[in-house]
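Engineer: Sequence:
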Amino acid sequence: MNVLTSDLQQITYGHDGTGLGSDFTSTPADKERVAPAFQTEISANKQERMIPLIKDEENTYDNVLINPSKLRNAEMKAIVSKSPPVFLLNKVVEMVFSKTELQNSKGVRGLDAHKMEAVREYIYAKGVSLGWEQINPKTFTQTVQNKIGNLRFRSSASKVAVLKKQ
Numbered sequence: 001m002n003v004l005t006s007d008l009q010q011i012t013y014g015h016d017g018t019g020l021g022s023d024f025t026s027t028p029a030d031k032e033r034v035a036p037a038f039q040t041e042i043s044a045n046k047q048e049r050m051i052p053l054i055k056d057e058e059n060t061y062d063n064v065l066i067n068p069s070k071l072r073n074a075e076m077k078a079i080v081s082k083s084p085p086v087f088l089l090n091k092v093v094e095m096v097f098s099k100t101e102l103q104n105s106k107g108v109r110g111l112d113a114h115k116m117e118a119v120r121e122y123i124y125a126k127g128v129s130l131g132w133e134q135i136n137p138k139t140f141t142q143t144v145q146n147k148i149g150n151l152r153f154r155s156s157a158s159k160v161a162v163l164k165k166q
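For the sequence shown, the tail end lands on 166 under this note's numbering, and the numbers increase by one without skipping.
Hints are not guaranteed to be accurate.
[As the list claims (entries may be wrong)] Straight-line C-alpha distance at most 27 Å; calculated DSS-like pairs for lysine-lysine:
#, residue 1, residue 2
1, Lys138, Lys99
2, Lys77, Lys138
3, Lys106, Lys91
4, Lys126, Lys147
5, Lys91, Lys147
6, Lys82, Lys99
7, Lys126, Lys77
8, Lys147, Lys77
9, Lys115, Lys126
10, Lys126, Lys82
11, Lys70, Lys99
12, Lys147, Lys99
13, Lys147, Lys70
14, Lys91, Lys77
15, Lys91, Lys55
16, Lys106, Lys147
17, Lys77, Lys99
18, Lys82, Lys147
19, Lys115, Lys138
20, Lys138, Lys106
21, Lys126, Lys70
22, Lys82, Lys70
23, Lys115, Lys82
24, Lys91, Lys126
For the record, the hints were derived by calculation from the structure and aren't laboratory data.
Work the whole structure out from these sequences, hints included.
Structural biologist: If you want it as structure tokens, here you go:
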């Protein structure tokens, strides 16, 4: 049993748990070989798979990247929601723009026009393919503006809560 435990600790932690065993027998080259493998595993967890939001012949929107699994989840939830195009718009805006980007923008016009155009094209194309009623421009702008306002409100509310605790 003790041999099994020390083998498991050797595999998991790089030493046998006694503080004597493998640390004296391992070479610095062995330690360097193990460390990069561990570091790449950590960095791989931080990176997400990203694909372009829209694929077209001219590759116009190749720099507007989004996580495909999050996009698929948003699409599935949008299908069963009360207002599918508005729900999907809300989620796609959340995925395309960072929270700080939305909070610091001065309204919808302050956001990156290229990304906004990609979101418009995606919502239109998805609506046509699923037979949804299209969002009119006023509702589109209002939905994005509400998203920005809600994020600002939540961030200021959390700052107030922190100040009250002090």
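Engineer: Give a verdict on every hint.
Structural biologist: Hint check results:
1. Straight-line distance between C-alpha atoms of Lys138 and Lys99 comes to about 22 Å, which keeps the hinted pair within the 27 Å bound.
2. About 23 Å separates the Cα atoms of Lys77 and Lys138, which keeps this hinted pair within 27 Å; it holds.
3. A hinted pair counts as satisfied when its Cα atoms are at most 27 Å apart, and Lys106 with Lys91 qualifies at roughly 20 Å.
4. A hinted pair counts as satisfied when its Cα atoms are at most 27 Å apart, and Lys126 with Lys147 qualifies at roughly 20 Å.
5. Annotation: proposed proximity of Lys91 to Lys147 holds, straight-line Cα distance about 10 Å (limit 27 Å).
6. For the suggested pair Lys82 and Lys99, the alpha carbons sit about 25 Å apart, so the restraint of at most 27 Å is met.
7. As the CA atoms of Lys126 and Lys77 are separated by approximately 14 Å, the hinted pair is consistent with the 27 Å bound.
8. Pair hint Lys147 plus Lys77 holds up; C-alpha atoms about 18 Å apart against a cutoff of 27 Å.
9. With a C-alpha separation of about 16 Å, the suggested pairing of Lys115 with Lys126 holds against the 27 Å cut-off.
10. Distance check on the hinted pair: Lys126 and Lys82 sit about 16 Å apart at the alpha-carbon level, within 27 Å; holds.
11. A distance of roughly 16 Å separates the Cα atoms of Lys70 and Lys99; the hinted pair therefore holds under the 27 Å criterion.
12. Pair hint Lys147 plus Lys99 holds up; C-alpha atoms about 10 Å apart against a cutoff of 27 Å.
13. The suggested pairing of Lys147 with Lys70 holds, with an alpha-carbon distance near 18 Å, which does not exceed 27 Å.
14. Distance restraint check for Lys91 and Lys77: the Cα-Cα separation of roughly 10 Å lies within the 27 Å cut-off, and the hinted pair is therefore satisfied.
15. The suggested pairing of Lys91 with Lys55 holds, with an alpha-carbon distance near 19 Å, which does not exceed 27 Å.
16. Our distance criterion of 27 Å between C-alpha atoms is met by Lys106 and Lys147, whose separation comes to about 12 Å.
17. At roughly 21 Å between alpha-carbon atoms, Lys77 and Lys99 fall within 27 Å of each other, so this suggested pair holds.
18. The hinted pair formed by Lys82 and Lys147 meets the criterion: a straight-line CA distance of about 18 Å does not exceed 27 Å.
19. Proximity of Lys115 to Lys138 is assessed by CA-CA distance (about 18 Å); at most 27 Å being required, the pair is judged to hold.
20. Of the pairs offered as hints, the one joining Lys138 and Lys106 holds, with about 17 Å between alpha carbons and a cut-off of 27 Å not exceeded.
21. Only pairs whose Cα atoms come within 27 Å are accepted, and Lys126 paired with Lys70 is accepted, the gap being roughly 15 Å.
22. For the proposed pair Lys82 and Lys70, the alpha carbon gap of about 20 Å is at most 27 Å, so the pair holds.
23. In summary, the hint linking Lys115 to Lys82 is supported, as the alpha carbons are separated by about 26 Å, within the 27 Å threshold.
24. The straight-line distance between the Cα atoms of Lys91 and Lys126 is roughly 13 Å, inside the 27 Å bound, and the hint therefore holds.
In the structure shown, no violation is registered for any of the earlier numbered hints.
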